[in-house]
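2 protein chains.
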Amino acid sequence: VKKTIPVREGVNAANRRFADGNRALFAAHGVAVINLIGSPGCGKTTLLEETLRRLDSRLRLIIIEGDVETDLDAKRLAGSDADIIQINTHGSCHLNARQISETIAGLPTDKLEATDLIIIENVGNLVCPSSFDLGERMKVAVLSVPEGDEKPEKYPALFLQSGIALITKLDLVQYTDFNLPAARERICRLNPEARVYPLSAKTGEGMEAWITELVQLK
Amino acid sequence: VKKTIPVREGVNAANRRFADGNRALFAAHGVAVINLIGSPGCGKTTLLEETLRRLDSRLRLIIIEGDVETDLDAKRLAGSDADIIQINTHGSCHLNARQISETIAGLPTDKLEATDLIIIENVGNLVCPSSFDLGERMKVAVLSVPEGDEKPEKYPALFLQSGIALITKLDLVQYTDFNLPAARERICRLNPEARVYPLSAKTGEGMEAWITELVQLK
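Here the protein sequences come in this chain order: A and B. Offset between the first sequence (1-based) and the numbering used here: plus 188. Offset between the second sequence (1-based) and the numbering used here: plus 188.
Don't read these hints as lab results, they were simulated from the structure. One should not assume that every hint holds.
Which copy is meant is left open, because identical chains are indistinguishable; a pair holds if it fits in one copy or across any two.
[Unchecked claim] Computed cross-link-like contacts, SDA-like style, restricted to lysine to any residue with a CA-CA straight-line distance of at most 25 Å:
{"id": "1", "residue 1": "K263", "residue 2": "E341"}
{"id": "2", "residue 1": "K342", "residue 2": "H217"}
{"id": "3", "residue 1": "K406", "residue 2": "P386"}
{"id": "4", "residue 1": "K390", "residue 2": "A370"}
{"id": "5", "residue 1": "K390", "residue 2": "N203"}
{"id": "6", "residue 1": "K406", "residue 2": "T234"}
{"id": "7", "residue 1": "K390", "residue 2": "Y363"}
{"id": "8", "residue 1": "K342", "residue 2": "A266"}
{"id": "9", "residue 1": "K342", "residue 2": "T258"}
{"id": "10", "residue 1": "K390", "residue 2": "R377"}
{"id": "11", "residue 1": "K263", "residue 2": "R372"}
{"id": "12", "residue 1": "K263", "residue 2": "T391"}
{"id": "13", "residue 1": "K263", "residue 2": "D365"}
{"id": "14", "residue 1": "K263", "residue 2": "A345"}
Can you make the complete structure from the sequences, with help from the hints?
Rendered as structure tokens:
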């Protein structure tokens with residue numbers, strides 16, 4: 189245990205350096221960046237599919253897809269106007285700022301200048317990604333109805349840091365015990381500043397408030 | 189990056205030592221131990237509630253509840269015949285073998301001798317817990333229907349190592365795009381030895397096959 193402490197700090201300090209660099213670069217080019225974090229299967233990719241469809245070229249977008257393995261999610265998003273970039277972490281449970289830095293460095297010259305918004309879909313995980321600043325402007329927490337309304341209390345770190353919390357798969361609320369006011373209250377007790385948007389990418393319910401947030405980030 | 193490699197090995201080696209010790213201790217006392225791993229909200233605790241109800245004192249049980257924060261899950265299981273022990277990881281995304289070792293060391297003398305089965309409910313996370321051997325006899329993967337049938341392919345490590353894969357929340361299958369044969373095929377392609385049990389703790393469908401597995405572990 190003694191051995192892990194200085195190293196953990198070393199990893200975090202290195203990550204912070206890359207995150208600060210990313211943030212400065214994004215600010216210099218006027219690019220808004222959000223970091224989408226939630227459990228596996230909470231509906232992040234389906235949300236992005238519907239988000240891209242509704243934004244319909246209003247924003248010049250880059251999507252960075254973080255996955256342990258496979259490019260299944262990137263393939264789902266291909267065909268939109270957005271540029272889709274896949275990062276495979278090969279076993280690692282979160283994206284780190286260095287991966288984002290290297291990805292950005294690999295873009296064509298002037299690409300950032302011609303970009304309004306970068307959405308990073310992090311690895312599906314409600315715990316670890318919230319410990320790794322990527323240099324984003326805002327974290328967005330994604331909690332799906334089938335996961336249960338008590339999850340913000342059980343996994344507080346993400347909700348404490350998120351500017352927006354999305355409650356996805358609202359179309360399933362009638363088939364589960366999910367208590368929407370209780371979920372909202374738990375999130376707001378942790379983080380009174382968070383904007384909470386219940387929505388369903390499947391039925392479209394609640395999507396417009398989320399789209400409005402994105403357009404205003406420009 | 190150079191700095192992290194020896195340390196990562198250090199952490200893993202230390203974990204393996206504790207895991208081997210746990211395994212030897214469990215074997216010496218004839219206790220079967222399973223390590224239940226799945227995403228937040230995949231239904232692990234609801235499965236355990238229904239499992240305890242159906243086992244109805246057929247096995248002398250200890251449940252170890254791993255959570256980042258709170259004892260909400262342990263409270264849900266209180267009132268059964270099983271002994272419930274809560275471990276809070278305070279930010280860490282997985283249980284490690286040392287936590288299990290210390291928990292077992294804190295049990296009353298002869299408690300292990302009077303135990304048939306220990307079920308460890310790991311922290312809700314489809315990635316990290318599968319890298320930390322706890323000294324269990326078997327890992328059990330838990331995938332819920334709303335997460336989607338492609339998840340075994342996206343998060344292969346857990347499914348590669350699990351003796352049993354449970355597909356939970358089967359009652360929601362009619363409201364989602366989840367393809368049960370496809371999910372089963374993906375799991376079996378990764379791990380042809382895995383037994384796959386689709387079930388619903390809510391309706392009871394499929395529960396008996398799982399209960400039979402547990403009783404046979406004795």
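Q: Evaluate K406 and P386 at a C-alpha cut-off of 25 Å and name the case that applies: within, between, both or neither.
A: Answer is within: at 22 Å inside a copy they meet the 25 Å cutoff, but 45 Å across does not.
Q) Which holds for K263 with D365 at a C-alpha limit of 25 Å: within a copy, between copies, both or neither? A) Classified as between: cross-chain Cα gap 18 Å, same-chain 33 Å, threshold 25 Å.
Q.
Please sort K263 with E341 into within, between, both or neither, judging by C-alpha distance up to 25 Å.
A. between (34 Å within a copy, 14 Å between copies)
Q.
Please sort K390 with N203 into within, between, both or neither, judging by C-alpha distance up to 25 Å.
A. neither (36 Å within a copy, 43 Å between copies)
Q: Up to 25 Å between alpha-carbons, please classify K263 paired with T391: within, between, both or neither.
A: Within one copy, since 22 Å is at most 25 Å while 36 Å is not.
Q.
If the cut is 25 Å between Cα atoms, do K342 and T258 qualify within a copy, between copies, both or neither?
A. Between copies only: 6 Å across, 29 Å inside.
Q.
Regarding K342 and A266, is the shortest C-alpha distance of 25 Å or less found within a copy, between copies, in both, or in neither?
A. This pair counts as between: shortest inter-copy Cα distance 18 Å, intra-copy 35 Å.
Q.
Reference check for the pair K390 and Y363, CA-CA at most 25 Å: within, between, both, or neither?
A. both (15 Å within a copy, 11 Å between copies)
Q. What label fits K390 with A370 when the C-alpha limit is 25 Å: within, between, both, or neither?
A. Both. Shortest intra-copy (23 Å) and inter-copy (21 Å) distances satisfy the 25 Å Cα cut-off.
Q.
For K390 and R377, with the copy left unspecified, which applies at a CA distance of at most 25 Å: within, between, both, or neither?
A. neither (29 Å within a copy, 30 Å between copies)
Q) How would you label the pair K342, H217 (within, between, both, or neither) given a Cα cut-off of 25 Å? A) Neither: 38 Å inside a copy, 33 Å across copies.
Q. Are the CA atoms of K263 and A345 at most 25 Å apart within a copy, between copies, both, or neither?
A. Between copies, since 22 Å is at most 25 Å while 30 Å is not.
In summary, the numbered hints that this structure violates are 2, 5 and 10.
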